[in-house]
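Protein chains: 2
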Amino acid sequence: MNFCSHCGGRLRVAIPPGDHLPRHICDACGTVHYRNPRIIAGCIPEHEGRILLCRRAIEPRRGFWTPPAGFMENGETLQQAAAREALEEAQAEVQIGSLLAIVHVLPVEQVHIFFRARLLQPRFGTSPESSEVMLVEPADIPWPDIAFRSTEFALRCHVDDTAAGRDDLHFAEVERRMAE
Amino acid sequence: MNFCSHCGGRLRVAIPPGDHLPRHICDACGTVHYRNPRIIAGCIPEHEGRILLCRRAIEPRRGFWTPPAGFMENGETLQQAAAREALEEAQAEVQIGSLLAIVHVLPVEQVHIFFRARLLQPRFGTSPESSEVMLVEPADIPWPDIAFRSTEFALRCHVDDTAAGRDDLHFAEVERRMAE
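For the protein sequence lines, the chains are X and E, in the order given.
In case it helps, this note's numbering puts the first sequence at residues 1 to 180.
In case it helps, this note's numbering puts the second sequence at residues 181 to 360.
Think of the hints as simulated: they come from the structure by calculation, not from any bench.
The structure displayed is predicted, hence computed values, not measured ones.
Any given hint could be a false lead.
[To be verified] Where chain X lies over chain E, by a calculated footprint (3+ residues, C-beta under 8 Å):
id	segment
1	215-226
2	247-254
3	283-292
[Said to hold, decoys possible] Computed from the model, here is a short list of chain X residues facing chain E with C-beta under 10 Å:
id	residue
4	Arg10
5	Ile39
6	His47
7	Glu73
8	Glu76
9	Thr77
10	Gln79
11	Ile102
12	Val111
13	Thr126
14	Glu129
15	Val136
16	Trp143
No residue lacks a Cβ here, since even glycine has one placed at the ideal position from N, Cα and C.
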């Protein structure tokens, strides 16, 4: 962040009066630019005990598997965002259920929020973001080929909870990226 | 958003290839600037059945009451953010408990996330953001003077759940601002 998005002035980094963290400040127009975590919303769609996974057609982690998830947009709820991502990435219509997991992915300044979900019909397909989409038995989840630590965590919570008949909410922190 | 924060170029609004929503695009350097919801993290600190509330010393809603809450920062978890806000706004050390409520505040593009909490000691005080801080019995909560729809929702959920011996997670949407 080098320039003020409001007036185009050069930014400097300093702690504003009354604040406790360095911010990007525009001396020309006085705007303080804050940087805050962004939300990834996703779901684990299920159909008759099998779980929907997408093979990523894009970077990062192209070729690896993940449940549908993506950036939450302004003007939508978390549940709407999670359902939209399932439709966009896997052509899958889902009904969003209970909250499954919240993962703080600190290195990339994101909060990943996953819901349980069920497929409204056993229909799904590929998309520009997914080269393959499949329904998989929990025992057949390709764990070494799961794309992200956060989605691996959410999947494991879902599988364990389902086996135990639980419906819990789980928290986790990711301190470093998958590739690191 | 008028100028590119990366190179200072003029932005235009258009739907990028492969996208479905208008974004702020910089033709000079090719950067697409996304706008996403920001997270407010807060908690309802409790001590021996009483609830900690802060009287806002700053706008918006100066003079109205709210539990401590504020913008989540990069590099912290939701729980850390909620505890930090209690310390900053009310000099209150808290232990964060279970997730209480998630409120989508659509007009201001925010997601408000509230936890249950307990005061570690019955010590608290004012701050630049809070002109008064008090512990109040649930029956004495000044409902007409609560600052925000989201905090009112979280407080009501907490009071009702406590009375019923429940520990649920609640969702809500706010379609318009308090003052509108």
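The hints, checked one at a time:
| no. | hint | verdict |
| --- | --- | --- |
| 1 | 215-226 | holds (count 5) |
| 2 | 247-254 | holds (count 4) |
| 3 | 283-292 | holds (count 4) |
| 4 | Arg10 | holds (8 Å) |
| 5 | Ile39 | holds (6 Å) |
| 6 | His47 | violated (24 Å) |
| 7 | Glu73 | holds (7 Å) |
| 8 | Glu76 | holds (8 Å) |
| 9 | Thr77 | holds (4 Å) |
| 10 | Gln79 | holds (8 Å) |
| 11 | Ile102 | holds (7 Å) |
| 12 | Val111 | holds (7 Å) |
| 13 | Thr126 | violated (14 Å) |
| 14 | Glu129 | holds (9 Å) |
| 15 | Val136 | violated (27 Å) |
| 16 | Trp143 | violated (25 Å) |
Consistency with the previously given hints fails for numbers 6, 13, 15, 16, ordered from lowest to highest.
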